[in-house]
Amino acid sequence: MAQHKASFLLEKHGKLEVKTRPTPTPQKNQALVKVTAAAINPVDWKIIDYGIFLQNFPAVLGTDGAGVVEAVGPEVNDFKVGDRIFFQGAYGRDDETTFQEKAIVQTDIIAKIPDNITDDQASTIPVAAVAALVGLFQKTGIEVPVNGPTANGKGVLILGGSSSVGQFAIQLARIAGFSPIVTTASAQHNDFLGSLGATHVFDRDVDAKTVQSAFSTPVALVVDSISQASTQELAFEVLTTPSSVQGAHLAIVLRPPIRSHQFRDLSVPFWQTVGQWIKDEKLVPNRVQVVKGGLAAVPEALDLSRKGHKASFLLEKHGKLEVTAAAINPVDWKVKNFPAVLGLDGAGVVEAVGPEVTGFKVGDRVFFEGIYRSSDETTFQEKTIVETDLISKIPGNITDDQASTIPVVLLLRFLVSSKILALIASVGQFAIQLARIAGFSPIVTTASAQHNDFLKSLGATHVFGRDVDANTIQSAFSTPVALVLDAISTNSTQSLAFDILTTPSLAPVAHLAIVLPLADSVKEKNRGDKVTWIKDEKLVPNRVQVVKGGLAAVPEALDLSRKGVSGVKVVIHPQD
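Going by the UniProt record's numbering, the residue at position 207 of the sequence shown is 207; the numbering climbs one at a time, nothing skipped.
Read the hints as simulated data drawn from the structure, not as lab findings. If a hint is listed, it holds; no wrong ones were tucked in.
The calculated lysine-lysine pairs, modelled on DSSO-like cross-linking and capped at a C-alpha distance of 27 Å, are: (1) K548 x K15; (2) K548 x K34; (3) K19 x K34; (4) K361 x K383; (5) K154 x K139; (6) K28 x K80; (7) K80 x K34; (8) K548 x K19; (9) K393 x K361; (10) K15 x K34; (11) K393 x K383; (12) K209 x K154; (13) K209 x K139.
Derived CB-CB ranges, DEER-like: (14) G194 x N471: 46 to 52 Å; (15) Q188 x G153: 30 to 36 Å; (16) A476 x N56: 38 to 44 Å; (17) F53 x Q228: 15 to 21 Å.
Note that CB positions come from ideal geometry on N, CA and C, so glycine has one too.
Start from the sequences, fold in the hints, and give me the full structure.
The structure is reproduced here in structure tokens:
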């Protein structure tokens, strides 16, 4: 059997090593691609560092790729041997990842590379562009603009405009007709982001009022391509000050990475159109930095990305606490990166404050949420640092132990922007109470029968068994269900949530909080005539930096990504 080289992650938290593996044969609508360029994404090194997403080893990493078709399955009509294409790989399916010489692709979610961009540039497009696509169009009621603008009269705020996702979000927003298109970035990127379509570029430290001044109506859509504490806080303030509007939506870049395979209702028409956009220069690729060395340079490329995501914090706005109580959350035992101090929920007594702190003093009893970004800010220790704008004093009627159970669930404050709530499984006592306080009705939840009376005392209007079907849930609502909060996110709860939201049809502003990988839609939906956005230069790929050395350069390329390369995507050439 034919063999090819691949960069293997040998074990969880392990090292990468170039070995050979069997070359697969394409089936049905698949194609076998000779990978000529593979771009680096932060998720590639996070899988190694944090031990997330993958359970089976050895594994082949990589999700952004470009190459040449070498063979096609019997049902493939639109692609042939010799076609240059770009595609998104799929973690967990080693035949379909990109840090190798050959890869299998699903031909309904790939596109031909227009002559006006290189393979390196094309390889930067898939992951970031699909993430931007989902953020803008999946739950917003706005169609993918395959036949022209679909968002005229609507504005959007894109946080992190110079990131890979941010660059594509700006361009897709422009193609869809959004205006204004407001973004945040460092000052050095202002002109470049303006050329992509941003109408306003603010500094990353901008406040909510300044952002809102760019809009003539309240902000209804924010795409957060960074998704760290500061950007999420800004997004929430922009959407809710002075009050949220009907249909307000925050799209956050979540993990695991968004895949074309999960969102075919959006991705199939996107892949059929993206080539024309790029050809028309309506969409441009990220700038690239190439790491030389082939697959052996992957660690270096990952390290470039890894080092670019380290954070620094202003201690002047912090307080120091003696931790008196720390509650346990499921995430505490799921952490895989060591050594580390765990713990998110805490309560304690203020021992010292920074010079800018005015709302708290030494001796105050407070409760707070820790942050898994630094062991200085977690709760399973005697002393910890907190940001004082994100803590509260403990009232006299509860103990420190009780107070320590509150912080994480208070993140459910985001629920107040919707009018109908369905709660799936044990989303928690606080969610029901916050929903009651916010005026939700009905408040529907699922739980074991023994909890019915207690949950109703907290505010639930309906409590169904965990095996309830969608029709029974819907009977509790007088209008279609528009918001489901799934705190469990197992296959069964996600399936139920999807059934509730889509039967008999999807409400205009339907939203599933937490995670719902949508089921594959009918592949022919919205298929229409094939167009190529890239070919018409409507959509342009990322700028690239190529790391030479083939598969042996994978470590080097990963190291570049880990270190962070502003405005470009790191690419390797597996064939070198």
